[in-house]
Amino acid sequence: MSTKEKKLNSERLQRVIELCKSVEERGVDPFAVDVDDIIATLHKFFPEWESTEELTLDAEAVQYLASVIQNQGDWVKHRSTSLYTDPFLLEEKIQRLCKEELATLFTKVWNPIIELEQISIPSLSEALKYWNELIPISERWQNFGPMQVEAGATTLEELVRLKIMAERTFREELEAFWKELKQKVGENEKILYWDFVGADTYSETIDRAYLTSFLITYGYATLELHPLEEEIFIKPFTEMKSELADKMMVSVPISVSHEEWMRWKEEKQR
Amino acid sequence: MDEMERGETKMTRKAYYARKIKRAAQLLFYKRHMKPGVKGWELKNALGSDYPKILKVLDDHLEKLDLQVKTVFEGEEPTGKPTLEELNKARFFITLRGGLPSKDAKMMGWRIDDIAGLATAISYIISKKGKAPRDEVEDLLRTKLPGWRVDINMRRYIRYGYLAEDENEQLYLDWRTRAEVDQKALVDLLLGTES
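Sequence lines, in order, name chains H and E.
My numbering puts the last residue of the first sequence at 270; the count rises by one with no breaks.
My numbering puts the last residue of the second sequence at 195; the count rises by one with no breaks.
Hints were generated in silico from the structure; no laboratory data involved.
It should be emphasised that the depicted structure is a prediction, and the values quoted were computed from it without experimental measurement.
Every residue gets a Cβ at the ideal spot worked out from N, C-alpha and C, and that includes glycine.
The reader is advised that the hints may include incorrect statements.
Derived list of chain E stretches under chain H, where covered just means 3 residues or more per stretch with a C-beta under 8 Å from a C-beta of chain H [as the list claims (entries may be wrong)]:
no.	segment
1	29-40
2	63-71
3	77-84
4	124-131
5	138-149
6	170-183
Please build the complete structure, drawing on both the sequences and the hints.
Right, dumping it as structure tokens:
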């Protein structure tokens, strides 16, 4: 079977499913569905189905067809019971009768359920016991508001210790770092990246790498890359070059992992 | 001596049933759950496996008060004599045996509009083989009742358990209609009225 034919047959199955669904969901007459014809159709298409979707569609069609057959059975069963009556005749009767007549008729066949509610001494006693043991609502629903603290004075050192404020402004810190770079470079004009960034501890190395990235971004220094030798140099500028901010910048990712820091440390110790 | 023994056994059995009937009446009359009535297995636990016999005796006593023990089975009503298993799953209620004068219905909190609406809804659903779309039922009610009252009443009928609605907005008769309403008698009465 060609793809086009398969698509047409799938659509036909979808229509069958929709028709069967309408019987169940919208109360369409179940005998309006030609069950024999649909079964023959499903039987004819079934050998052609290959994919999971096609087989699922087929199973769905069979399932909905089964529900239509059940609806047909229910219809016959209902018809054979004493409750069957011509719906149009009943509707006509309902329309013709006034409210009072309908209510009078209904009360003749209506036997309401009798049910009583009553409190007893044992249940009252239990309820009183529960009441006595119940904690007052003011205790159960305690609202823990925010702690009130008296306002006081603090020092700059305390704020620095709490890392709320920095000892120096970031600019000051960056310029001090730039000065350190220029001193380390000396007359060589450049220094290996790891020789400048590397420190005794890994966390300090990260801090230095972080500041170095700002040195380069803000125009205090630049990078010199030698990809064949896998070397990166930092070259400080004598003056900060602010015009670099207007030019198109390129990002250079540099890994500062713990393994690399360990490797650098071992090489340095050698 | 044998007669005395027989006499004593008779008294004991009478006392046994008297005790059981009282207990059954308490269980059936007093509201215990969200729904009124008691499940068969609850009666079995409280009264023993011969509870159907006890209920029959209670029903005979209640007849004098125009009350009755009504059984509503889970699913379809069994065609022949119900088995103990079917009875255990069924729900038992105390209902009025005879009809109710319509003016007394007011004492139960039902206005004439409400009863007429309920009668119409139930009859229409019966005529549609037990299931009808909600909007069709509401349209029919709106021909005689104000729209706002139809909305309130539909919610009431569903809340009380007279009608139920499925996910496809189809209404069907619920447990309370099966317990309280003689559906065949209602249809016969309606058809018997002159057009």
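Outcome of the hint check:
{"no.": "1", "hint": "29-40", "result": "holds (count 5)"}
{"no.": "2", "hint": "63-71", "result": "holds (count 3)"}
{"no.": "3", "hint": "77-84", "result": "violated (count 0)"}
{"no.": "4", "hint": "124-131", "result": "holds (count 7)"}
{"no.": "5", "hint": "138-149", "result": "holds (count 4)"}
{"no.": "6", "hint": "170-183", "result": "holds (count 7)"}
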